[in-house]
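Engineer: Residue numbers (this note's numbering), protein chains in the order written: chain A, 1 to 325; chain B, 1 to 325.
Be a bit skeptical, because a hint or two may be false.
For chains that are exact copies, the list does not tell them apart, and a pair is met inside one copy or across any two.
[Said to hold, decoys possible] Within a straight-line C-alpha distance of at most 20 Å, the following computed EDC-like cross-link-like pairs (lysine to aspartate or glutamate) qualify:
#1 K232 x D263
#2 K241 x D211
#3 K136 x D263
#4 K286 x D263
#5 K232 x D166
#6 K194 x D77
#7 K194 x D118
I should point out that these hints are in silico values taken from the structure, not numbers from a laboratory.
Protein chains: 2
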Amino acid sequence: MPSTRLGKIRSLQVRAPASSANLGPGFDIFGLGLEEPFDVVTVTLLKDQRIVLKLDPETKYKVPEIWNENSAGLVADALLRNFGGGFGCEIRVRKGIPPGYGLGSSAADAAAVAFALDHLLDLHLPMNTLIAFAAKGEVASAGVPHFDNVAAALLGYFSAIRQGTDGLDLVSLTQIPQDLTLCLGRPLVQVPPKKTGTARNILPKQVPLSDAIWNIASASLIMAGFAIGNIKLIGQGMQDKIVEPARSNMVPGYDRVRRAALDAGAVGVAISGAGPTMLALIDRGKSDPRKVSKAIREGFRKAGIPCEITITKPGKGVCVIDDVV
Amino acid sequence: MPSTRLGKIRSLQVRAPASSANLGPGFDIFGLGLEEPFDVVTVTLLKDQRIVLKLDPETKYKVPEIWNENSAGLVADALLRNFGGGFGCEIRVRKGIPPGYGLGSSAADAAAVAFALDHLLDLHLPMNTLIAFAAKGEVASAGVPHFDNVAAALLGYFSAIRQGTDGLDLVSLTQIPQDLTLCLGRPLVQVPPKKTGTARNILPKQVPLSDAIWNIASASLIMAGFAIGNIKLIGQGMQDKIVEPARSNMVPGYDRVRRAALDAGAVGVAISGAGPTMLALIDRGKSDPRKVSKAIREGFRKAGIPCEITITKPGKGVCVIDDVV
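One chain only, chain A, in its complex shape:
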């Protein structure tokens, strides 16, 4: 056996949640960990230094099984190089998160592997370190490391993160207003390859000061809303003058869907991550999520696009389902 500070567990099965980044103005910063959908990822230590990636036969969606084209494989490689002590690992993925739709599919698996290897190798890494390693996986899908989805996948609920001047600056808020309900509208369109990279390149390099100030206020309102449990403030904050105007053309029916969801009682609507899924926030105490869902479906339908609706809420981060000694 390779030498390492090893726990007794050799295999860990974890549940890794989808996440919705940005919430409009919080581009590259805010993330919501979702209760649904999620992936199930099983990581097993190998006695040699191979990294093996397999799709579970029951997987709902496919992703590359070549380890270094997959976020999970890249994270495993980075962690094992630093802390593996000669071990490799097999990663088995059962995807419940559709990849490429702005739901943090790659971040979920990256977070799952970081979490699982931390346990299996008995590393007890600080959360910021786990997030930094998990973010290395995002290079596979986005071209650059970014932290918003992996932080949300690891911590669940609401998080805000950035690369600060002295490490990562991180806020994790886990007390979510009970009535806060989410509706995801996923248009069933073919997603172009390298979509996330395209969605980044489409952004303006310079923005008007007044729009920056608007978004600063918007993001502050969202943060305040989550921190003090005020859904109305969150909705007031979900107004973005920078990223969504540039990206709205990438989502078929964007304006129609957004307007319809707000008219049906959503407090706020945003593109989920780089899209094309649309996210609506609903105060269940005041509006019916099914009504908002119907409006979103109808909005996409009028744009000629069928869509899949998921009603969910913010939920916990990566967690253990099963372990094998």
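Here the structure of chain A is known, so what remains is to put chain B in place on it, guided by the hints.
Structural biologist: What follows is chain B alone, placed relative to chain A:
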């Protein structure tokens, strides 16, 4: 007597606090109401429609006694036109807040008059309406209405505000971490006339997207810090890549003072409002405010400028000192 829904009180003396806007990234949005310094403003209803503005003999600082060149007079005019029912008022101001140094001097008096007339005329206006009226006074000093200082003066403690799509969006947080201490360093320089207007005109019209994202994250960290009572987060957030870099030349010794205060243990340093006062935030449980004060004084001294230090903390908004039936 003019007819109006009048209470029995004819004269009200209120305490109106200084405020510190922006905190770095929260330009035009964030404000802190301060315990010290403050103005004392006495508003007395007059039976005719005159507005009379007088400086109290004990005033520490002078401001224009011409009512329509003074924020307090402009606010009185706006309120009396809408709700005065034929009354006028006399406003007597005893200034403890030095005008022109970025400490919300004009906002304090504007807030005081809005608050006092609301009471004297028995109007019970909603807070957002009071803020909107008080902001009309800011035109006298800044050339445009802005809300950050008047909201902080009316509500005290920490506030965030903007003109939203449907009225004012407002967050008021009054539970401040007990150890949060503020140090104001006011350089004793001659302040140019129309300073606030100049400080606005100096700002870039376009900013890099990356700087906007940085400031969005910074402001979110500040909001989170106040909302969950985490002084360290507030400090992490007090890093501004947009407004302060453009304005730092307006504050003599800016870099030196900022660096010295941080080295002495301040968690964050910012220009207070449009300056030239510098604001340092200190976690009293971890650092000595006197040490930070000394560092700020020394920083200004090395730039050849004497300064006045005030150690204070966030405090309550405008409040009644005395009333006369």
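Engineer: All hints, please: hold or fail.
Structural biologist: Hints, one by one, checked against the model:
For the homomeric pair K232 and D263, the shortest alpha-carbon distance inside one copy (15 Å) is at most 20 Å, but the shortest distance between copies (40 Å) is not. For a Cα distance limit of 20 Å, the shortest separation of K241 from D211 qualifies both inside one copy, at 6 Å, and across copies, at 15 Å. Taking the shortest alpha-carbon separations for K136 and D263, neither the intra-copy value of 40 Å nor the inter-copy value of 33 Å comes in at or below 20 Å. For a Cα distance limit of 20 Å, the shortest separation of K286 from D263 inside one copy, 13 Å, qualifies, whereas the shortest one across copies, 50 Å, does not.
Taking the shortest alpha-carbon separations for K232 and D166, only the inter-copy value of 13 Å comes in at or below 20 Å, while the best intra-copy value is 34 Å. Within a single copy, K194 and D77 get their C-alpha atoms no closer than 22 Å, and across copies no closer than 60 Å, so neither meets the 20 Å cut-off. Proximity of K194 and D118 under a CA criterion of 20 Å is satisfied in neither setting, with 30 Å inside one chain copy and 59 Å between copies.
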